[in-house]
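*Asks:* If you want the building blocks of each chain, they are given just below.
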Amino acid sequence: MADRKFGFDTLCLHAGQIPDAATGARAQPIYQTTSFVFDSADHAASLFNLQTFGNVYSRISNPTVAALEERVAALEGGRAALAAATGMAAQMVALLTLARHGDHIVSARTLYGGTYSQFAVTFAQFGIDATFVDADDPAAFRAALKPNTKLVYAETIGNPQLNVCDIDALAEVAHGAGIPLVIDSTLASPYLCRPFEHGADIVVHSATKYLGGHGTTMGGIVVESGKFPWDNGNFPQMTEPSRGYHGVRFYETFGDFGFTMKARMETMRTLGATLSPLSAFLLLQGIETLHVRMPRHCESALAVARHLAAHPAVEWVNYPLLAGNRYETLARKYLPRGAGGILTFGVKGGAKAGEKFIESVQFLSHLANVGDAKTLVIHPASTTHRQLSDDEQRAAGVTPEMIRLSIGLETLDDIVWDIDQALAQSQK
Amino acid sequence: MATVDDISGLRGILTRTHVIAVVGLSANWYRPSYFAAKYMQEHGYRIVPVNPNYTDVLGETCYPDVASIPGKVDMVDCFRKSDEMPALAREAVAKGAKVLWMQLGIRNDEAAKIAADAGLDVVQNRCMKIEHARIMGGLNWAGVNTGVISARRPVANR
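Chains as they are written, first to last, in numbering that gives the first Met the number 0: chain A, 0 to 427; chain B, 0 to 157.
In isolation and in its complexed conformation, chain A is listed as follows (with noise of 0.2 Å):
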């Protein structure tokens, strides 16, 4: 008999997670402990030197954490994956598990502000050199290149551009040097985008976004899809006795996960950055219904786009699918099922009014969150981008009257009555 392949909405649910052997329960049991005893001195030895696979200390791995990482694992098509506290956890430990003092990082220029920092400042501290690059430019990718570059690295949707990246020709340029692509896939979700599917070699969520889905958890992950050639030469440490774990060489040994083993054993063991057993069954619970909030995110905000862009009192809308919009032909090739929930739109007025429009709206959420249930809303020229002047915010991508909206899943005519009463409001 073959091996049936499962439907992607079968995954959510199923993937990761049989009835628990010791009780049968149905539900992922939470496994609320942060040690495992031993059977004897010898099973101890055994487990330490990973000759046994089993938990240890909850740090390193934990039942209910791992069928987290299996289910995204699964739903990302990818083999195996280790789950971090946060979204920026999960990306730092998959770095720190490629790149070491000395070594250089190509990045798209246009991320997550927090991505931004890390790489610019904290991993400048470490020794990490990162060089940003237009992220519409394979070209440029490949112009940045040296020697010791050890990862190439973009998001899918661009937060807050909402610019769509050419997975397949990053990968390309990754490739042709020999090291992988690494893409945070947060706002595109496994639903819309399967990076893996366009040679993309390591996946980043942070899964306190679409995953969990209803801004109730902090977590990430970290997802490798098994295929990247980790003897070619430019990766010893996957490949040389490792001095964080007393010898083993990791893809030898391990194969095919043998990236998510190291960064479990050696970074993710000693940065200590784990996600807790309740946050990743709340998470579970969330990915239960990713395939049935995906659709309805990305309907409504397309909506949206649609009648902000008739709108008298709005100056632009930028919605990846949107007709004419820049990034819709590679929308449409890498997020045929929708372009997500977030769209943002200038209104007319510039900063006051749009201050005045976050003022004057009624159930939609002012606050620094993205992928919530819950429709939220965001003024970034008064908020996350306040301290920079005007041309500083230029620069990132931030206009003064740029408001950014993350579509929830409420009554789609009650999201737009809301935002046309706050429009009007912000005109007066």
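Incorrect hints may have been included.
[Claimed, not checked] Derived coverage of chain B by chain A (criterion: at least 3 residues anywhere in the stretch with Cβ under 8 Å from a Cβ of chain A; other residues may be distant):
1) 1 to 14
2) 19 to 31
3) 34 to 46
4) 128 to 139
5) 144 to 153
Since the hints were derived computationally from the structure, they do not count as laboratory data.
Keep in mind that this is a model prediction, so the values were computed, not measured.
Using N, Cα and C, we set each Cβ at its ideal position, and we do this for glycine too.
Fit chain B to the supplied structure of chain A, relying on the hints for placement.
*Replies:* Same frame as chain A, but now just chain B:
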């Protein structure tokens, strides 16, 4: 009989196999062959080490080649270079083994044909420990995509 690469086929092999000759088994605890053999031994399989450099490994008598093993062997598991596989395939056939298993990183279609033509099941480029853990339980510990989708309560396995 042919190359086996799907979950149900691999499960069948791991269920029917009891005695595994591990060719190229190292006595160094940090080598992959030792990892895999120790794990399989802990899961109830009888391991027969095959390596001319040792007299015993993992508490079992070590033999210089497959032909020297006195009893029957279900599986010949190979931790040797790919170009040595055809000769090992012939040894496995001569020994009456039912499975030729080539470990992770090892692939040799000539050897696979020799074994398959003689009626053996053949596995290439896979680790028996990883596959056992993936299919029989345990590898979900490591966040690996096992491909197992089921509402059946598993038999506790350690």
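*Asks:* All hints, please: hold or fail.
*Replies:* Here's how the hints hold up against the structure:
Coverage of the segment 1 to 14 of chain B by chain A holds in this model, with 3 residues showing a Cβ closer than 8 Å to a Cβ of that chain against a need of three. Using a Cβ-Cβ cut-off of 8 Å, 3 residues of the segment 19 to 31 of chain B lie near chain A, which meets the minimum of three, so the contact claim holds. Only residues whose C-beta sits within less than 8 Å of a C-beta in chain A count toward coverage, and the segment 34 to 46 of chain B has 4 of them, enough to reach three; the restraint holds. For the segment 128 to 139 of chain B, the assignment as covered by chain A holds, since 6 residues bring a beta-carbon within under 8 Å of that chain's beta-carbons and 3 suffice.
With 10 residues having a Cβ less than 8 Å from any Cβ of chain A, the segment 144 to 153 of chain B passes the three-residue criterion, so the hint holds.
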